[in-house]
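Trainee: The chain contents come next:
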Amino acid sequence: MIISIASGKGGTGKTTVATNLALCLSNKVQLLDCDVEEPNAHLFLNPVFQQKEPVYAPVPQINLEKCTFCKKCMDICRFGALAVLKKDVMIFENLCHSCGGCFEVCPENAVIEKERTLGIIEHGSVNDMDFINGRLDIGQVMVPPIIKKVRSYTNPDLVTIIDAPPGTSCPVIAAMNKADIILLVTEPTPFGLHDLKLAVETVKILDIPCGIIINRAGIGNDEVNKYAEKENIPILMEIPFDRKIAQIYSKGQMIVDELPEYREKFSVLFQKIAQLIEKGGQNK
Amino acid sequence: MKELIILSGKGGTGKTSITSAFASLAKNMVLCDADVDAADLHLILNPDFKLSYDFIGGHEALINLEKCTQCGRCIEICRFDAVKDSFKIDAIACEGCGVCVDLCPEEAIDFPETLCGQWYISDTRLGPIVHARLGIAQENSGKLVSLIRQEAKKLATKANLDLILTDGPPGIGCPVIASIGQANAVLIVAEPTVSGFHDMERVAELSRHFNIPAMVCINKYDLNLEQTRKIETHAQKNNIAVVGRISFDPAFTEAMIQAKTIFEYNKDSQAAAETRQVWDAIVSQPAFNAPVNNILQHL
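Sequences listed follow chains G and Y, in order. Going by my numbering, 197 is the number at position 197 of the first sequence; the sequence numbering is gapless. So the mapping is simple: my numbering equals the position in the second sequence, first residue as 1, plus 1000.
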């Protein structure tokens, strides 16, 4: 079972839900932190990391002894990553999407693919929970390959909880795609609602069942509840706004440790998730 | 002309509320909402949409099944697993690289442009704004960010405005890198939490990597004084100007619900007074007043 926890807006509580939920399941769990630009789950779960592994993407390197400067590589590249000069070829690694076009098209076999490091994957555990996160190197732009690499460690025998990045573009898709359910965490404010609507549109494109979690309930208004009812999307949990919870979070502590009544609430959340997956979503 | 980019690394620290508050204080300014994935600034500023343009972000492969002989060359060369066994392209997986288009022996693959979103030039009560909406599940957010920043610059030049105030995206990836190149300075809005500190460190490192001067302010500072001090100490050690602290004040949320900036909602609130101090500190910073670094030197 793959549960992807997402939101359009950042800072709504994805990591809070992902980490606390992961601690409350009786099933064996793996947590995949796919917010590789700003991974945070490890700050709350303090996993023991056993292994680090770089994520590479191929980029071209030109063998100038073979190159005839025919420019076919430059012509096929849609990303402007190669510039063929009279006697040299310039490579702009940051623009390369690793599509392999230059490598395929070169008639002289003068394009060699070398590895460029995009980031790292860290493997660890928290008691008997598997913990894997990805971490983009500073200055790198290629996020989806790292997310895909993290997700390649999905173990179908476990409950997989994915902490997704914010937004609605390619990194989010990479973290949501092929999940069994998507939990959209929002806050009941105009920004929260606006970005929730975008996230719901994203989920619709992927055709995956989803449910809403309202965090900081009571801080704003009830427009999110009205929207959920209108769209027939279940609200699976509401976490009230409480300065105490905000302070627990600020210290990197777990809500379920500091406020034990939340253990039961997250267990109920999991039951609702399982039921929703079984039904194939609210509408079906 | 100066350009200030508001970033945070971590989402939800208050970038947009603070950007809109600055818009109430700054004069002769154009706004730019570079969080094209989930733009929210317009919810406060209620823009009067004057001009709207399509954003053609790239291309998408489409197999013409009448010409296709199912030789499988496209499946073999596609690095993104975007060609399904039925010789249809998975639009979500397709990267728009066009390698299959160029190498199909039957020339059976079309490559139409894709409409990836819209961008707008609008008027607001606080000044003009250049903003955008990236289509759902679309790529090339970095390209759209670069485009609207260029347009904001053009507008500022034409209208003789002194400042571009840019509300940036969360994270440190493609759209963030596109939003900071050649800016005068970055303001990092940090929150005093362990994750806020971690994410602020990474975005600070990114601005250092591209040689853009950074400043930091701590929002909701009273939530955790220990983390607040930790952020400030880290900033001082790393040559990042600390420009102030803003209290955790529900007035920000109340203002948002009424689609107002904190100054329009309650200019006498503590948060308003602190935000004003932060703004005054920013405009007097050497980082803000230094000439622009050229990002191209550092790529």
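Check each hint, because a few of them may be wrong.
[As the list claims (entries may be wrong)] Restricting the straight-line Cα-Cα distance to at most 27 Å, the calculated cross-link-like pairs of lysine-lysine (DSSO-like) are:
id	chain 1	residue 1	chain 2	residue 2
1	Y	Lys-1050	G	Lys-178
2	Y	Lys-1143	G	Lys-114
3	Y	Lys-1067	Y	Lys-1002
4	Y	Lys-1084	G	Lys-204
[As the list claims (entries may be wrong)] Footprint (simulated), chain Y over chain G, 3 or more residues, beta carbon under 8 Å:
id	region
5	4–11
6	50–57
7	161–170
8	214–221
[Claimed, not checked] Where chain Y lies over chain G, by a calculated footprint (3+ residues, C-beta under 8 Å):
id	region
9	126–132
10	263–274
Don't read these hints as lab results, they were simulated from the structure. If you're wondering where the values come from, they're calculated on a predicted model, not measured in any experiment. Here a beta-carbon is modelled for each residue, glycine too, at the ideal position from N, C-alpha and C.
Trainee: Are there hints from earlier that the structure breaks, and if so, what are their numbers?
Mentor: Violated hints (numbers, rising): 1, 3, 6, 9 and 10; every other hint is consistent with the structure.
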